[in-house]
Amino acid sequence: MFDGYTSSELMSIFAMQGFAGLSLFSVFVLMAMGLAIIFGQMGVINMAHGEFMILGAYTTYLTSGFFQSYLPGLFGGYFLIAMLLAFLVCAALGALIEWLMIRHLYHRPLDTLLATWGLSLIMQQAYRSIFGAREVGVELPDWMMGAFQVTDLVELPINGLFVMIIALSIAVGVYLLMYRSGYGKKVRAVVQNRPMAEAVGINSAGIDRATFALGCGIAGIAGAAFTMIGSTGPSSGQAYIVDTFLVVVFGGAQSLIGTIVSAFGISQAQSTMEFFLSGSMAKVLTLLVVVGILMLRPEGLMALKVRR
Amino acid sequence: MDTTDQTAGGRSFGKGLGLRKSLMTLAASVMLATSAQAATPATAEVNTTGLAVTDDTVTVGILHSITGTMALSEIGSVQAEKLAIDQINASGGVLGRQIEYVQEDGASDWPTFAEKSRKLLRQDNVAAIFGAWTSASRKAILPVIEQYNGMLYYPTFYEGLEQSPNVVYTGQEATQQILAGIDWAVENKGAKTFYLLGSDYIWPRTSNKIARKHIDKLGLKVVGEEYYPLGHTQFNSVINKIKLRKPDVIFASVVGGSNVAFYKQMKAAGVDFTDEKPLLLTISVTEDEIRGIGGENVEGIYASMKYFQSLDNPNNKEFVAAFKEAYGDDMVIGDVTQAAYLGPWLWKAAVEKAGSFDIDKIREEFAGIEFTKAPEGYVRIHENHHLWSKTRIGKAQTDGQYKVVYETEELMEPDPFPEGYQ
Chain A
632 MFDGYTSSEL MSIFAMQGFA GLSLFSVFVL MAMGLAIIFG QMGVINMAHG
682 EFMILGAYTT YLTSGFFQSY LPGLFGGYFL IAMLLAFLVC AALGALIEWL
732 MIRHLYHRPL DTLLATWGLS LIMQQAYRSI FGAREVGVEL PDWMMGAFQV
782 TDLVELPING LFVMIIALSI AVGVYLLMYR SGYGKKVRAV VQNRPMAEAV
832 GINSAGIDRA TFALGCGIAG IAGAAFTMIG STGPSSGQAY IVDTFLVVVF
882 GGAQSLIGTI VSAFGISQAQ STMEFFLSGS MAKVLTLLVV VGILMLRPEG
932 LMALKVRR
Chain B
17 MDTTDQTAGG RSFGKGLGLR KSLMTLAASV MLATSAQAAT PATAEVNTTG
67 LAVTDDTVTV GILHSITGTM ALSEIGSVQA EKLAIDQINA SGGVLGRQIE
117 YVQEDGASDW PTFAEKSRKL LRQDNVAAIF GAWTSASRKA ILPVIEQYNG
167 MLYYPTFYEG LEQSPNVVYT GQEATQQILA GIDWAVENKG AKTFYLLGSD
217 YIWPRTSNKI ARKHIDKLGL KVVGEEYYPL GHTQFNSVIN KIKLRKPDVI
267 FASVVGGSNV AFYKQMKAAG VDFTDEKPLL LTISVTEDEI RGIGGENVEG
317 IYASMKYFQS LDNPNNKEFV AAFKEAYGDD MVIGDVTQAA YLGPWLWKAA
367 VEKAGSFDID KIREEFAGIE FTKAPEGYVR IHENHHLWSK TRIGKAQTDG
417 QYKVVYETEE LMEPDPFPEG YQ
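So the protein sequences, as listed, match chains A and B. This note's numbering numbers the first residue of the first sequence as 632 and each following residue consecutively. This note's numbering numbers the first residue of the second sequence as 17 and each following residue consecutively.
Everything labelled a hint here was simulated from the structure, so no lab data went into it. We treat Cβ as the ideally placed atom computed from N, Cα and C, and that holds for glycine. Take the hints with a grain of salt, since some may be wrong.
[What the hints assert, rightly or not] Just the calculated beta-carbon pair ranges, DEER-fashion:
{"no.": "1", "chain 1": "B", "residue 1": "GLY316", "chain 2": "A", "residue 2": "GLY813", "range": "53 to 61 Å"}
{"no.": "2", "chain 1": "A", "residue 1": "LEU715", "chain 2": "B", "residue 2": "SER326", "range": "39 to 47 Å"}
{"no.": "3", "chain 1": "B", "residue 1": "THR414", "chain 2": "A", "residue 2": "ILE924", "range": "41 to 49 Å"}
{"no.": "4", "chain 1": "A", "residue 1": "TYR814", "chain 2": "B", "residue 2": "ALA338", "range": "53 to 61 Å"}
{"no.": "5", "chain 1": "B", "residue 1": "GLY384", "chain 2": "A", "residue 2": "PHE645", "range": "53 to 61 Å"}
{"no.": "6", "chain 1": "B", "residue 1": "LYS205", "chain 2": "A", "residue 2": "PHE645", "range": "28 to 36 Å"}
[Claimed, not checked] Over the 12 Å line for every Cβ pair with chain B, so calculated as not near, a few chain A residues:
{"no.": "7", "residue": "LEU750"}
{"no.": "8", "residue": "ILE796"}
{"no.": "9", "residue": "TYR814"}
{"no.": "10", "residue": "ALA828"}
All chains should be modelled from the sequences, with the hints used to inform the complete structure.
Right, dumping it as structure tokens:
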């Protein structure tokens, strides 16, 4: 397939393909971080994760509309505020949902699956009633469109770079929060042994609520970021949920590092195969490999040793 | 949502318009009783098969998804069909009878379409069903509508390979959209190489098969053909492949949310469609889709359709004005919405030509029925139940509208089973 191309053309294409893989990797990390916290740390299967992402996207949409009408001069910077708002809105709703629904279901993990799936349907229909069934277009400031021209053939999309930076910051942020803060220590204590954690005076209900809210908030940021590369509609969240679970489960549910390793593996495999095969075939092969590895390592790539 | 009571309550007619409509019906029937008695044929004569026809009303069904994934696309069709029904009623109805409708929700779920169409035919005895959008939902309705001998008016452009005595296809079948589009790119833009890209299901695959055969016949070259799963949102790899192969034309049939991702990422990767290097020709992006994608992301792409909102003819101006008056100024009208609008009008013409609501009598009359007030200009029903219509090429503008740059001189003949293309 490479007949008739000069070596500089090939080099450029490989460079850009490498970038494509990295940008898919950062998309996966963004999608999966929130779920890794909720599913991995709390054991709650949150089927409404995609809908929380879309809530973040709609928040961005509303913020962009607000800035266009009232603060057109500051439009260039609205995106950062939109991401902050998306985090707050999603975290607040997450905390509410945890209080109303999830906390009653901690001992029935399969029921959380059904309940959150129902929640996802409710949220989708709510978006449809509020924002209409049609997808909305989120307008981006000019500086976020277009590409960096590195050489004649190599162009790096700015929004791809932006998504990468957000993914990196969030991954670092979550790492610091989970492994370098008092809160993180408490979360890990609750995950490892709830009764003992309570016995030493940790408010495990409060930790649960904060953790669920944090996961939802990160989903909101992801949703805000994805308005740059994907669609914003009532059922757009469905497109992400399968890949998200795939990344988290494959990485080993309780390991955040595992999530990142698996996001890297899956994204590189997929984008390389997409280049050599057709899109659907690449997806099939990726899934086959993942299934194969999970058969050998049911706990995922990086299983955390937990006393049960 | 007030749509729910329509589905749950079964037989509630027409939301806010209902009262006004029944008053109009009342007024009409009073007038009829005094002056025009002779003009309205007796119900026993025009309805011998037990359809829901009374002396002054006739009931039809509307069956689209107003919830679920497909609501996005199908709501425009519902709006167009209701508009047509209101306009027909205002102009005196069909055979002197006002049209009432029962609306059901297919909920983006194919078995639900089958179940609801059975309900419409068996319980409501509707005289016609305007509905379905995806091929999957049409295929679900097909056995039901054939079993109970109903008549479905199906609005979407689709892959062809079907011709049921119980369906009228008011959208284009594949060849009507594709052949003229490719010919145009070859003749006017000197295209020699093509890259076929679509979502992975029957319509893009069949369409690309036809496109590939046609390109082969012209002695030109397909340099890539690719399908991505529905809902796929990462197109960077295929964009790189397109950059490597440098086709003259990208022939795109990506649908749904993937569309938004694809065009945004093309733009971000530095592809400016206005350069036409490569030129992008789509058969799946109507004005409706552009609202979600954003006009700035698709500026300069070309679409091959039979209708664009910007068509410059008196019929269309009236239609667009009426549509905006009914549903708001910010509404956009895509190809399928217009095709859905044709359904009730073609049904009315067929009923009046047959002088009867009976399905079997209407069917005899389909071939040759014209609709001269069609927003797309003029359409005529072919004996294969599809429409003769023109193919047009539009160029997308930043405001989300297409500018028509080409239209076929003749009406294109519908050919759902194109020989040499299978």
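Evaluated hints:
{"no.": "1", "hint": "B/GLY316 - A/GLY813: 53 to 61 Å", "verdict": "holds, 55 Å"}
{"no.": "2", "hint": "A/LEU715 - B/SER326: 39 to 47 Å", "verdict": "holds, 40 Å"}
{"no.": "3", "hint": "B/THR414 - A/ILE924: 41 to 49 Å", "verdict": "holds, 47 Å"}
{"no.": "4", "hint": "A/TYR814 - B/ALA338: 53 to 61 Å", "verdict": "holds, 60 Å"}
{"no.": "5", "hint": "B/GLY384 - A/PHE645: 53 to 61 Å", "verdict": "holds, 60 Å"}
{"no.": "6", "hint": "B/LYS205 - A/PHE645: 28 to 36 Å", "verdict": "holds, 31 Å"}
{"no.": "7", "hint": "LEU750", "verdict": "holds, 16 Å"}
{"no.": "8", "hint": "ILE796", "verdict": "holds, 15 Å"}
{"no.": "9", "hint": "TYR814", "verdict": "holds, 33 Å"}
{"no.": "10", "hint": "ALA828", "verdict": "holds, 39 Å"}
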